[in-house]
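A.B. asks: Which chain is which? The protein sequence lines are A and B, in order. Using our numbering, you'd call the opening residue of the first sequence number 1 and step up by one each time. Using our numbering, you'd call the opening residue of the second sequence number 1001 and step up by one each time.
Just so you know, the hints here were simulated from the structure itself, not pulled from any lab data. Treat the hints with care, as some may be off.
[Said to hold, decoys possible] Below 20 angstroms or equal to it, Euclidean Cα-Cα: the simulated SDA-like pairs (lysine to any residue) are:
1) K1096/B <-> S190/A
2) K196/A <-> L1359/B
3) K196/A <-> Q1133/B
4) K196/A <-> L1123/B
5) K1096/B <-> A134/A
6) K196/A <-> R114/A
It should be emphasised that the depicted structure is a prediction, and the values quoted were computed from it without experimental measurement.
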Amino acid sequence: MYKIPIGDIVEILISWLTTNFTSFFDGIKSILLTVINTFAWIFNGIPFYITILIFALIAWKFANKGTGIFAIVGLLVIQSMGLWRETMQTLALVITATFIALIIGIPLGIWMSRNDKLNNIMRPVLDFMQTMPAFVYLIPAVYFFDLGQVPGAVATVIFAMPPVVRLTSLGIRQVPEDVIEASHSFGATSSQLLFKVQIPLALPTILAGLNQTIMLSLSMVVISAMIGAGGLGNVVLRGITQMRIGEGFEGGLAVVILAMLLDRITQGLGQQKRKIKQ
Amino acid sequence: MVKVEVKNLFKIFGPTPKKIYPLIKQGINKEQILKQTGHGVGVNDASFAVEEGEIFVVMGLSGSGKSTLIRCLNRLIEPSSGEILIDGQNIVGCSKETLQDVRRKKVAMIFQNFALLPHRSVLDNVGFGLEIQNEDLNTRNQKSIESLELVGLKGYENSMPSELSGGMQQRVGLARALTTNPDILLMDEAFSALDPLIRKEMQDELLSLQDRMHKTIIFITHDLDEALKIGDRIAIMKDGIIVQIGTPEEILNSPADDYVKEFVQDVNRAKIVTASSIMKKVDTIVSSKDGVRVAVRKMKEASISSIFVVDKARHLKGIVTIDDATNLLKQNKNDLESIIHKNVNTVSGNTSIEELLPLFISSPYPVVVLDDDNRVLGIIFKVSVLAGLLGEEDNDV
């Protein structure tokens, strides 16, 4: 039977892109690197006890007192395991990836909510982005951006963006038709409708998307350690490759603590919005 | 003055409305068109004019096209063809800017399910129309508070819509519509989602607000009692067609076809039919200067047992019975004034039968209908009240 040369085509495409768009990829690389380094520099520059305090306050404010206490205890555990630097590096990578995913994902989601054709095109693309085994992104990312944090961030963005796109689109589509009709009846322009009605009403759903995106970013970070993204992923990877069960567990535990903390905080954000809505 | 005029309005749902017009002209009905072509006929050749300050009710069952019709008036639904003149300006096919201006300044809409913005406080909901017009916050809040006062919701500025009952939410909807001070209110089944007591309360409130504001109101409902209660005129819709337009009494007394007749048969006529439609013209009446003899003669000629007495300007003086008059003649007196009974009940032309009934208990004489200057317009006998209730009144009897 004839074998469709999909793999060959992808290889040709990637090598064509790398040779012809070198300066484009270099530009992206330097921008991303600056962002990641800035975050990392900030997080590592601040003494750990102040960072812990800030986290605790944010958790207390957006979620509840329990989460605030959890922030203090959890982060102190990380500090005592000697993984503070790696954790902050991972946090910087997660925040950068989430940030980029939001910048691209929210407008894309809004556009999809208003355009059925785009919605139909994007849905399989999003499925592809989300279900393609994450490792597969790593190879072309390395082609384009070499080893290091940048390809890690790019692969993370691709893997983590779909939820925020989907949920933005869903949230806006779920705004009740009668409210939209009422807004039109008072002569609202489409941008007034978007910013005064649709986005505020979709916000809890969009925030749920943000939460999912952050969680996916964190899970991707460990994988992208394989291409030198560093951070906690490195610790876990070292544990696996060198059979150091203890160290691997410590790295994994730090990821879990960070994940729970970010999850509770962003969920708290969404619930706060929902409370206002009710 | 005509405020809103609709001429030959059509709304056909589907990809090629133009192909449907010939079918409509052939008289093929809505269901067959839907079956054959997949096109829905929403509004079929609607034409009507609404006067300034009038409450014009469009009544029909669900699927009759009434909600489509009202949405065409501010183009929430784009009409397929026809004209809609608001203050003489055709808004069908007008520019986006003109339409936006009409929606912002002239026409406001009130919705069945209130359609309030759940994430905003009552005050911010009410100010929404002005916010859209980029009005500054102070003016906005000031005007919003004024409208909230008007609908009796002062003090609820900072509540969220979800904290209010249905009736209160619709008051917010009403206040929101009033804040931009539009000439025209479009009310789409505005009270249908409310329970009966609150609905009645809101109807009364609307009528009393209308007494002060004199807006032009187009009101959609599926409830005939509501239509009859608040409508100055009523249009009855069926399958996208306006079957009949008329005052509540015209609709009740001369239904245009069987459909309307079936509709109105269960109506409590006592509330709707008014004195002026069941009264008889007074042919036999006596002037106070005529004297007793003339009165007796007139009663004998008409073979009636009592006669009304009026002065020169046709102002009612009272009633004289034949017994009293003949007694007076036997005593050789001729002073008509001395035997006039004053306990005659008088009403105005728009009194309903319901209000008339008790008057027949308190007085043995027919009820007199007076105009604004207290001149006699006509009289009502017990029997004509009964005929009015049955819908068989006939002025020739």
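A.B. asks: Where does the structure disagree with the numbered hints, that is, which hint numbers, in rising order?
C.D. replies: 2, 5
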